[in-house]
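Starting from the two chains in their separate frames, assemble the complex, guided by the hints.
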Amino acid sequence: MSSMLKSYFEDLEKGLSKKLAEKVTARRTFIHEIARIGMKMFDPAWSTAWTTVFVPFEILNAMGVSGLFIEFVGAMVAGAGVARPFFERAEREGYSTDGCSYHRTIVGAALNGMLPEPDLLIAASFPCNGGVKALMRIGEIYKKDVLILNSPYRDTPESIDYLVKQYENMIAFIKEKNGRELDVSKLKQSIHYNNEGREYLLEAFELCKHVPSPANSDDWKNFVIYALLSGSKEGVAVAKTYRDELKRRLDAGVVGVPGEKHRLLWVQNRLQFKTDLIDVLEKQYKANVVIDELNYVYWTPMDEADPLRSLATRQIRHPLIGPVERRLHYLTQMAGEFKVDGVINPSHWGCRQSAGVRGLFKDAFQAIGIPLIHLDVDCVDERNYARGQLLTRLEAFMELLG
Amino acid sequence: MASIGWLCSYTPIELILAAGFTPFRITGHVESPRAADTYMSANICQFVRSVVDMVTEGKYDHLRGVVFVNSCDAMRRLHDVWKRIKPNQALHMIDLPVNQTSADLVYFEREVTRFRSVLDQWVEKKITDKAIVEATRTIGRARALYQELLALRKEIPPRIGGIEMKSLTENFFSGSIDTWIQNTEKLLATKRAGKKTKATTYHPRLLLEGCPDHSPGLISLIQESEMDVVYENTCSGSRFFDIAVKETGIIIADISKAYFHKPTCARMMQLDERATHIIEKAKEFKVDGIINYSLKFCDTYQYDVPALKKRLQAAGLNVLAIESDGTASSAAQLKTRFEAFKEVLMNKRSDTA
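Protein chains in written order, with the numbering used here: chain A, 1 to 402; chain B, 1 to 353.
This is chain B alone, in the form it adopts within the complex (with noise of 0.2 angstroms):
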């Protein structure tokens, strides 16, 4: 099946879906940028700049056509700078309002409507809205999977690891769902049938908050410090699944409207709103601390670091506020960093003791 690239969680892929292509998360990669500097300058983030690189090496010239979000200034440079890398390549924005109102709402699903009408000329198709309820209930259940699956992550140690439900989502983010949710429901099997993993030493509780991770570098180095992150607040991890689209018969605004009131993110200004759900999240999952992940050059990220921090603390929830430039070159200063925060977590543990 062919695909469609999308990059932000707000794109309703239930469409593509329903379109008849494979929803492709463009992720671009963890090198330090190469062809960007072409187009764009060092001061934007590592992300968009590998999606750049990966274009201009034409790794996504197998899409049938790109969707973007108006999510942030770095997000929609990318918009133009593909356009102007690949004139012949179908693309679209869908704009995202910052507020939250009625109104907001309204203009939302004005713009999904939009995309679905686009997505009509891409297939020279009408899109059925039989075939939008189908693949809305597709991905539910991808969803409802990924969701018991996490659960076993509340489980003390987790059953299921950090890494594994990294590798589970990026296969989500670039495979057929079909035979992602077949995989998924024997591997949920398979963690049930076993038995409950025996903590030979304790290893702190972490969640990860902040910008998207496409690799798994960053939870392998938590891993290597000898911490389990079990639950990620991002878009590329547990957050992006935590939606689910209540069917009322009109399934577009259905759709825009469990889009639109999905948990938060940076870009949607509701600090108060994210800081509250990261906080029962963190309760729900026994964190012993939590990791903010900022992206260097994410102003819609560490514009909310110090704020959101106080926040946090406020909570009585351990902080540490990391910064990486998304490469691999950061690893041994973070690898430092969390192992610093360990001993923290772990004393204040015994401290508890």
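With the rest of the complex left out, here is chain A (with noise of 0.2 angstroms):
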């Protein structure tokens, strides 16, 4: 059964190989990165790591461990139009519809078969409870202990502490469990990486500030991903590739927009399954995503010689841990940053962290005079995609805008 998803990522590879060979985009060199994770799934020289969203990949690597996020696995399926069935078996299972269909699919995918046997299983507690459950059940099916990454609310220097305690747990962790050791010059060289992959982030979302942007919507879909080729050397390649693309673009009056009148921030997810609503949005209105909230470098640059406090400081300055005001002082401040003059948040259903407050959203930009729309949509599961109700509400949206 996992073969499916062998091909999926070895077709993906392979095609993305060659229209490198042609032509090289940023775009197509970060996919193809990531085509080359999904394959190590499949690949017996790696061991394989499912974790959620947001756990310390850089350790992973650093171990000879691939690391892979469940959320990943779910956006994937969902893109390839194959998660269906995955969604049936968990129902049949017993799990709600109401839940995160990112999960609902892994799990139900992990019941069918459907992948491959992970070695580890990592889960860290934010940003979500769902992702923390879904991998205790996925460790039940493959009879696997669940190692749970426990993120502080507060940041002080005790939690920092505390979560570097954690990380050390998690070395043991693998070690105990797959006999692979920490090569701890790897790490170093992980977070030298990854110091220079977030410089040349930060100079391409730089570009991307200029209006018009030289990056259309679709350039950093998914940009999240990123976080499983940060501290590697590909990660920097990729990083670097799009900050010298833009900057080509940039160079030569290229626009991703052509006609750019609105600029958008994209709170969170994107959808995952094939739609033409971004198209809608460029083409029709002339509206260019400029900046994805999940793909903001919130962290500051790491130290070589400490790593693990490093990464412990990052994941508990993470935006979506600890109290929202954090989240929105980031959101308003990218929405200034990057000019934009109008927010969509897809409010993913079974998303609880993030639909809590989802009025808070509103508020906060609207104290800053840019408009929000929520749209109420299923980011993953598209059964109950309804566009026609969708673009209603966008194009009352984009009227508002102006």
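FYI, nobody ran anything at the bench for these hints, they're computed from the structure.
Just so you know, not all the hints are guaranteed correct.
The list that follows gives simulated cross-link-like pairs (lysine-lysine, DSS-like), each with its CA atoms no further than 27 angstroms apart [stated by the list, open to error]: (1) B:Lys-59 to A:Lys-362; (2) B:Lys-309 to A:Lys-143; (3) B:Lys-86 to A:Lys-362; (4) B:Lys-262 to A:Lys-144; (5) A:Lys-362 to B:Lys-83; (6) A:Lys-40 to A:Lys-175; (7) A:Lys-362 to A:Lys-209; (8) A:Lys-362 to B:Lys-296; (9) B:Lys-83 to A:Lys-144; (10) A:Lys-143 to A:Lys-6; (11) A:Lys-221 to A:Lys-18; (12) B:Lys-86 to B:Lys-59; (13) B:Lys-59 to A:Lys-165; (14) A:Lys-144 to B:Lys-310; (15) B:Lys-310 to A:Lys-143; (16) B:Lys-83 to A:Lys-165; (17) A:Lys-362 to A:Lys-339.
If you're wondering where the values come from, they're calculated on a predicted model, not measured in any experiment.
Spelled out as structure tokens, the structure:
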């Protein structure tokens, strides 16, 4: 059964290799690397860890472990249009349709034997409870222990110490489960790569602040997956390619969306299944998604001499941890920096951590004079996707933007 | 006495009492949400949304402060929304670890210590260890009394009913603990002095497991279906009282340890331990079936339903998993399911006989 997904990643990698041979683009380079990561699931030379979205992949990489966050697999499966049987399987088992469909997809896929067995399961207690629970259930399917990193709510020196200790336990857990040792020099190298990649990303995003932006709405789609490349030389290469390409475009006067009229900020996740939503925004309304919330580089450079503490600090200061003020601060900051005039919040069905404060998103943007629209949609499960209704709401929103 | 609001059973209410306040549990309402949509999406559980309604309506303005626990996504968001609606009300979040290692206990103890400091600020004086020990003993006495009444539910038929116990619990959550102790001592004496109830017809005995249930509605519905709830493995029922603080002379450490190691709920991810606890209680209270109750949109409980059900069924227990939107509107549908479950249980009983 898992051969279907294997073929998907292999075909994706092959197709992109061919396209890259014809012309190198940042997007192709990025997706090509992601496809290669997907293929590692099926490569016996690699140990694979399934994780939730925000775990320190740098540590995994330095231990020869390929980390894959389950939401990524959910998104890929939905993007490939093959998620339906997994939803149905999970629902038959008693998993509620009200739960997050990123997680339901992967639970269903695991139940269907669609995925190769992971070697390790590692969850972080943020951004949501559902991810941890889904990984726990997957652990039961494969009869594997799940290590949970408890992400402290408060940013204090003691919290950072506590998380560092947990990273040490994670290293011991990986060693115990698959005998792999941490190569400290590799970890330091990984921090170095992270810093290097971060600089390129900052430059690339700086270019996108230009009006009009040299990037279009899909250039950075799902770039949150970059976390999997974070701290690798491939990650640096991807970030550099983005920087170089956007600079070239800007220098040549190439714009992402010709006639860019509106600049949008996208909150949290994109729609993962195939839709023409972005096409409509770009072509009909000349609207460009110039920044996605989850792409924002919020962290400061890390200290190569103290990698665990640096990684713990980055995790604890993530905008999705702690009180929502922190997240609102970053959201409004990026709205200002990227000169956006509208905000789209897809309000993913099943995402409590975000849906629970959606009114506060609206208030925060209203306070700086930027309208926001909530789209009630499931970003992964297209069975309830009401295209017409959604476009009608968008139309009204775009009229409001003028 | 002024009150401090709390929401999660991992809140060490001993400290609230020691600070000179009545611990007041925030329970929301059981109607359809009214104002919550302004702040949050409709896919947040009715409990949290109903609390938002009541905050908006000023129903909790009397509280000197409110303490939250980082127990789930919706609870964190409730804290954020509450802060937005009532920016001047004192609020505090206790961070509860997901894991249960010794390092996590140290972390939790630090959080309890932090909470103590917050209370010091709220009352503008230092809460003494002596006051905390006294409060711990008072609450310990209340919990012990509850356990004595709970033991009467082991009788067949139970000498004290589910609704009466529910009312007792709700009184504990909303009023003076000293008064509660006095009333409960009287109730216990009355119950003990009374004759054992004679059964005319057998009512299947149930253990209610799952999400917090803050209204008597669910237990009433079950009772109307001629079944008796004899143990609630919920943080709003019997399990809430299943904590014993062992004093060793370091009271904050003792309280932290007791709360940290109390029987777990779905938040704590220890499904095997939770299932074992339910199975033990099911045997102890001689139950015929388990009702696994989850509130719509509660990820914490709903993700466990299939796996928990399997574990309980593997132990030979009859399980009915129900979901409710938390309002009275789901009553008719639930009642139909309860009645069907009763039939199953009665058939099994007669087969066994």
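Between the alpha carbons of Lys-362 of chain A and Lys-296 of chain B, is the straight-line distance 27 angstroms or under? holds, 25 angstroms
Within a Cα-Cα threshold of 27 angstroms, do Lys-59 of chain B and Lys-165 of chain A meet the stated pairing? violated, 43 angstroms
- Message: Does Lys-83 of chain B sit within 27 angstroms of Lys-362 of chain A, going by the straight-line distance between their CA atoms?
- Response: Holds, because 16 angstroms separates the two Cα atoms, which is no more than 27 angstroms.
>> Hinted pair, alpha-carbon criterion (27 angstroms max): Lys-143 of chain A, Lys-6 of chain A. Please report holds or violated.
In response: holds, 22 angstroms
Pair hint Lys-59 of chain B and Lys-362 of chain A, alpha-carbon separation not exceeding 27 angstroms:
holds, 25 angstroms
Practice problem: Given the hint that Lys-221 of chain A pairs with Lys-18 of chain A, test it: the Cα-Cα distance must not exceed 27 angstroms. | Solution: Cα-Cα ~21 angstroms, so holds.
Query raised in the report: Is Lys-310 of chain B within 27 angstroms of Lys-143 of chain A, Cα to Cα?
Result: holds, 15 angstroms
Given hint Lys-209 of chain A paired with Lys-362 of chain A - CA-CA distance at most 27 angstroms
Between Lys-362 of chain A and Lys-209 of chain A the Cα gap is close to 22 angstroms, so the pair holds against 27 angstroms.
*Pair hint Lys-309 of chain B and Lys-143 of chain A, alpha-carbon separation not exceeding 27 angstroms*: holds, 18 angstroms
Check whether the Cα positions of Lys-83 of chain B and Lys-144 of chain A lie no farther apart than 27 angstroms. violated, 40 angstroms
Checklist line | Pair hint Lys-362 of chain A and Lys-339 of chain A, alpha-carbon separation not exceeding 27 angstroms | finding: holds, 17 angstroms
Review point. Given the hinted pair Lys-86 of chain B and Lys-59 of chain B, is their alpha-carbon gap at most 27 angstroms?
Key: Measuring from Cα to Cα gives roughly 12 angstroms; hence the hint holds.
Consistency with the previously given hints fails for numbers 9, 13, 16, ordered from lowest to highest.
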